[in-house]
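Novice: One-letter residues, chain by chain:
2 protein chains.
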Amino acid sequence: MTGAVVLVSGGMDSATTVYEAIDRGYEPHFLHTSYGQETADSEFDCAKSLADEVDAPEFIHVETDHLATLGASSLTDDEVAVQDADRDSDEVPDSYVPFRNANLLSMAVSAAEARGCAAVFIGAHSEDFSGYPDCRPAFFEAFQSAVDRGTKPETTVEIVAPFADDSKTDIARRGLDLGVPFEQTWCCYRSEKPACGTCEACAYRLEAFQRLGERDPIAYETRPSYADGDETHF
Amino acid sequence: MTGAVVLVSGGMDSATTVYEAIDRGYEPHFLHTSYGQETADSEFDCAKSLADEVDAPEFIHVETDHLATLGASSLTDDEVAVQDADRDSDEVPDSYVPFRNANLLSMAVSAAEARGCAAVFIGAHSEDFSGYPDCRPAFFEAFQSAVDRGTKPETTVEIVAPFADDSKTDIARRGLDLGVPFEQTWCCYRSEKPACGTCEACAYRLEAFQRLGERDPIAYETRPSYADGDETHF
Chain A
1 MTGAVVLVSG GMDSATTVYE AIDRGYEPHF LHTSYGQETA DSEFDCAKSL ADEVDAPEFI
61 HVETDHLATL GASSLTDDEV AVQDADRDSD EVPDSYVPFR NANLLSMAVS AAEARGCAAV
121 FIGAHSEDFS GYPDCRPAFF EAFQSAVDRG TKPETTVEIV APFADDSKTD IARRGLDLGV
181 PFEQTWCCYR SEKPACGTCE ACAYRLEAFQ RLGERDPIAY ETRPSYADGD ETHF
Chain G
1 MTGAVVLVSG GMDSATTVYE AIDRGYEPHF LHTSYGQETA DSEFDCAKSL ADEVDAPEFI
61 HVETDHLATL GASSLTDDEV AVQDADRDSD EVPDSYVPFR NANLLSMAVS AAEARGCAAV
121 FIGAHSEDFS GYPDCRPAFF EAFQSAVDRG TKPETTVEIV APFADDSKTD IARRGLDLGV
181 PFEQTWCCYR SEKPACGTCE ACAYRLEAFQ RLGERDPIAY ETRPSYADGD ETHF
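Going line by line, the protein sequences match chains A and G. Numbering-wise (full-length UniProt numbering), the first sequence opens with residue 1 and increments by one. Numbering-wise (full-length UniProt numbering), the second sequence opens with residue 1 and increments by one.
Chain A with its partners taken away, still in its complex shape (with noise of 0.2 angstroms):
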């Protein structure tokens, strides 16, 4: 069977892509890094017990506090409060760590070539685009050009970003379809648990299983109504 490294946070992103790695053969190995952001053991727990759920190969984590250090940002950073969500805004949010993915996918793809893995899998989706410049498709591939140069001539890792172009809303119908464990999923950026319902990464969250009708199986402390309504005709 072949290998895949995962990129797995813990959160509903990438537990779908575990699971869509899976479906597409790969055995998924798992990385998850810790860097220094409020809410590490939480993430870490779900996502452990997500590589318990699937009977992973290996389970490989990473402090990568040095991503704190290396710039400021509303998720590692203690006096910077953490913004409700802003739908209009085309700022880059706060919570945006400088150049993060490319951090992550050059330690995946480390990891992959000294495993002989074919694939790194990360979970991006199309609603980060605003927002965060390294979860576009554009830059998946420049960056696979410098994986294809950077790494040994005997070295063929592809980078997988199944859900660039899909929406949060496309992730959780293809995690239903698929029987993600979503109740062992991690969501929230201000670290409460309940999640809290109104940052940024709940809102998104709670917005994509209300267009489809569906309830979100984890607690949160409110549940504000996000959808519109017009799109849970699937």
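Treat each hint with caution, since some may be false.
No copy labels: a pair is met if it fits in one copy or bridges any two.
[Stated by the list, open to error] Under the rule of at most 35 angstroms between Cα atoms (straight-line distance), these lysine-lysine pairs were calculated in the DSBU-like manner:
#1 48 / 193
#2 193 / 152
#3 152 / 48
Honestly, the hints are just simulated from the structure, not real lab data. Since the structure is predicted, the reported quantities are computational estimates derived from the model, not experimental observations.
Chain A is already provided as a structure; the job is to place chain G on it using the hints.
Specialist: Positioned in the frame of chain A, the structure of chain G alone reads:
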């Protein structure tokens, strides 16, 4: 004055790169990484004294032990003996950390974007070619494209590998011109002091100085003759 993040290992290539960056009008923000390699402490001391020497505005030190976790290498694995230099081999040497430069450059770009620095300098050179795929100009070009697409719209960070087309001898010559304090730089993969004189790192360094007819100011256990004598024509 414009800032540049410079990847500084503490060896002669990166030391010369620091002076090159200064010569081009940049203030060098030092980024020094320790990744579990045997020579970590010695390299740190050399990098730090160099930062003091040039009055660097910043010395960023990040522990990147995860590179050892992610990939096996003789630089990070005590059980793999360091090979003597094999100048005739086309094989990727066992000191290779898979996709290492992509990891280092990603960190440097994160730091540069967070600080508003305009460039990232790395001291790779042409004689790394046969062994290290991620030292080639083609790799740096592809990585530049990933940087352009993966950072904020208003961010411009140029990847500068000033010696990518040069030999180690060229670097030694340029360093002597720029007044690089080579006596404060580190060499030797074997973590010996004096340097062994026979590992790949020592062999290339000694050869570079011998070709210029100059004496390398650091101490060596032995000083084999590596230069063919035909190229001391400068």
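Novice: All the hints need checking, so say for each whether the structure fits it.
Specialist: Here is how each hint holds up against the structure:
no.: 1; hint: 48 / 193; verdict: within (18 angstroms within a copy, 44 angstroms between copies)
no.: 2; hint: 193 / 152; verdict: between (45 angstroms within a copy, 32 angstroms between copies)
no.: 3; hint: 152 / 48; verdict: both (31 angstroms within a copy, 32 angstroms between copies)
Checked against the numbered hints given earlier, the structure satisfies every one of them.
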